[in-house]
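Could you put the whole structure together from the sequences, leaning on the hints where they help?
Residues per chain are reported as follows:
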Amino acid sequence: MSMTSPLGTVATGLQAHYATVFVFILVGFVFAGIALGVAKLLRPSNPSPAKQSTYECGEVPIGSSWVRFNVRFYLVALFFIVFDVEVIFLYPWAVVFKQLFPVPGMGAIVFWEMIIFLAILALGLAYVWVKGDLDWVKKLAQRTAMTPAPAAAAEEEVPAS
Amino acid sequence: MTGDLIFILLALLTLVPAVWVVMSRNLVHAGFGLLFTLFGAAGLYAYMGADFIAVAQLMVYIGGVLVLVLFTVMMTHVPRSHGNHGYDRYVPASVFALLTFGVLYKTITSVNWSASTSPAEPTIARIGAQIMTDFIFPFEYVSLVLLAAMIGAALLTREERPAGPANAAKDTEVAP
Chain A
6 MSMTSPLGTV
16 ATGLQAHYAT
26 VFVFILVGFV
36 FAGIALGVAK
46 LLRPSNPSPA
56 KQSTYECGEV
66 PIGSSWVRFN
76 VRFYLVALFF
86 IVFDVEVIFL
96 YPWAVVFKQL
106 FPVPGMGAIV
116 FWEMIIFLAI
126 LALGLAYVWV
136 KGDLDWVKKL
146 AQRTAMTPAP
156 AAAAEEEVPA
166 S
Chain B
410 MTGDLIFILL
420 ALLTLVPAVW
430 VVMSRNLVHA
440 GFGLLFTLFG
450 AAGLYAYMGA
460 DFIAVAQLMV
470 YIGGVLVLVL
480 FTVMMTHVPR
490 SHGNHGYDRY
500 VPASVFALLT
510 FGVLYKTITS
520 VNWSASTSPA
530 EPTIARIGAQ
540 IMTDFIFPFE
550 YVSLVLLAAM
560 IGAALLTREE
570 RPAGPANAAK
580 DTEVAP
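Residue numbers (this note's numbering), protein chains in the order written: chain A, 6 to 166; chain B, 410 to 585.
In short, the hints are calculated from the structure, not lab data.
Keep in mind the model is a prediction, meaning the values are calculated, not measured.
Glycine included, C-beta positions come from ideal geometry on N, C-alpha and C.
Among the hints, a few may not be true.
Covered, in the sense of this in silico footprint (three residues per stretch, anywhere, with C-beta under 8 angstroms from a C-beta of chain A), are these stretches of chain B [as the list claims (entries may be wrong)]:
1) 473–484
2) 497–510
3) 552–558
Ranges between beta-carbon positions, derived for each pair [as the list claims (entries may be wrong)]:
4) A:F34 to B:M432: 48 to 54 angstroms
5) B:F544 to A:L47: 56 to 62 angstroms
6) A:A21 to B:M468: 47 to 53 angstroms
7) B:M457 to A:M111: 41 to 47 angstroms
8) B:M432 to A:I121: 44 to 50 angstroms
9) B:F546 to A:G63: 55 to 61 angstroms
Written out as structure tokens, the structure reads:
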């Protein structure tokens with residue numbers, strides 16, 4: 006592998022893999038840097054107050070864009086992290102699954118262990134689903150039905166004013 | 410030596426944005442600074458041969474916790490501060506930082522570093538095999554902990570107030 010040469014004699018197999026990752030990251034930064042740098046060199050720069058104002062679909066923005074967002078965003082992010090951590094545990098399992106599954110007496114354990122793990126988390130997903138914590142639109146529809154005028158404005162999470 | 414150079418680069422990638430996070434007056438900028446700091450920490454883990462922790466750092470911290478941090482910032486409702494408020498917290502913050510540094514320093518100096526100079530090996534397959542054999546029950550407990558976290562998050566953020574015009578307006582409160 007030609008990537009090992011910058012690391013010289015210290016390059017073990019693992020470090021060679023990291024060298025590949027490092028080159029990949031480097032190429033990513035260089036690619037983005039060239040694209041943005043060339044654009045900066047070529048484009049004309051004459052800013053005006055109108056250009057630098059916040060884009061609000063053609064409207065003149067009123068007030069700060071720094072508003073308090075709905076707590077539901079936070080809840081969705083929390084659910085996301087739970088399943089993110091689940092994926093982290095799936096990863097080492099997936100790496101060894103092919104080796105351990107054919108081993109006599111191990112196959113069933115290896116398979117069902119993860120199924121139980123996933124089932125417990127699926128239970129949590131089913132719970133929040135049934136309890137309506139994932140419903141985004143339903144609550145707004147209820148509100149609109151009860152109080153037409155103000156609730157309609159509440160459907161926009163980022164109001165213009 | 411190339412290894413030292415990589416370490417210095419990764420340490421700079423961790424520390425420089427960390428200073429930015431602390432000094433920035435804009436919470437969103439601080440959140441974006443965390444992106445680089447956490448990425449540098451992931452690089453340091455990889456440099457030390459802890460490949461699984463590096464991957465976990467990338468996926469959970471950069472992919473998940475950082476999003477959560479930014480959502481938290483979006484919920485804080487604090488307008489950009491231009492004044493010098495926050496300086497009154499210098500004393501307690503310094504005391505806390507010094508104490509943390511003391512604990513870290515004591516830990517670092519008490520470790521016998523010469524004992525862990527064996528070349529790095531991939532650890533993910535070994536972790537996977539251990540999870541499947543010796544640590545089945547701790548592994549399943551993890552799913553229960555995650556389940557508890559999920560239900561707890563749902564319960565804490567559940568809207569107990571009845572729907573109405575006043576509460577509907579509350580959701581979209583704007584900065585003064």
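Each hint tested on the structure:
no.	hint	result
1	473–484	holds (count 8)
2	497–510	violated (count 0)
3	552–558	holds (count 5)
4	A:F34 to B:M432: 48 to 54 angstroms	24 angstroms, violated
5	B:F544 to A:L47: 56 to 62 angstroms	57 angstroms, holds
6	A:A21 to B:M468: 47 to 53 angstroms	23 angstroms, violated
7	B:M457 to A:M111: 41 to 47 angstroms	31 angstroms, violated
8	B:M432 to A:I121: 44 to 50 angstroms	47 angstroms, holds
9	B:F546 to A:G63: 55 to 61 angstroms	60 angstroms, holds
When each numbered hint is compared with the structure, violations occur for hints 2, 4, 6, 7.
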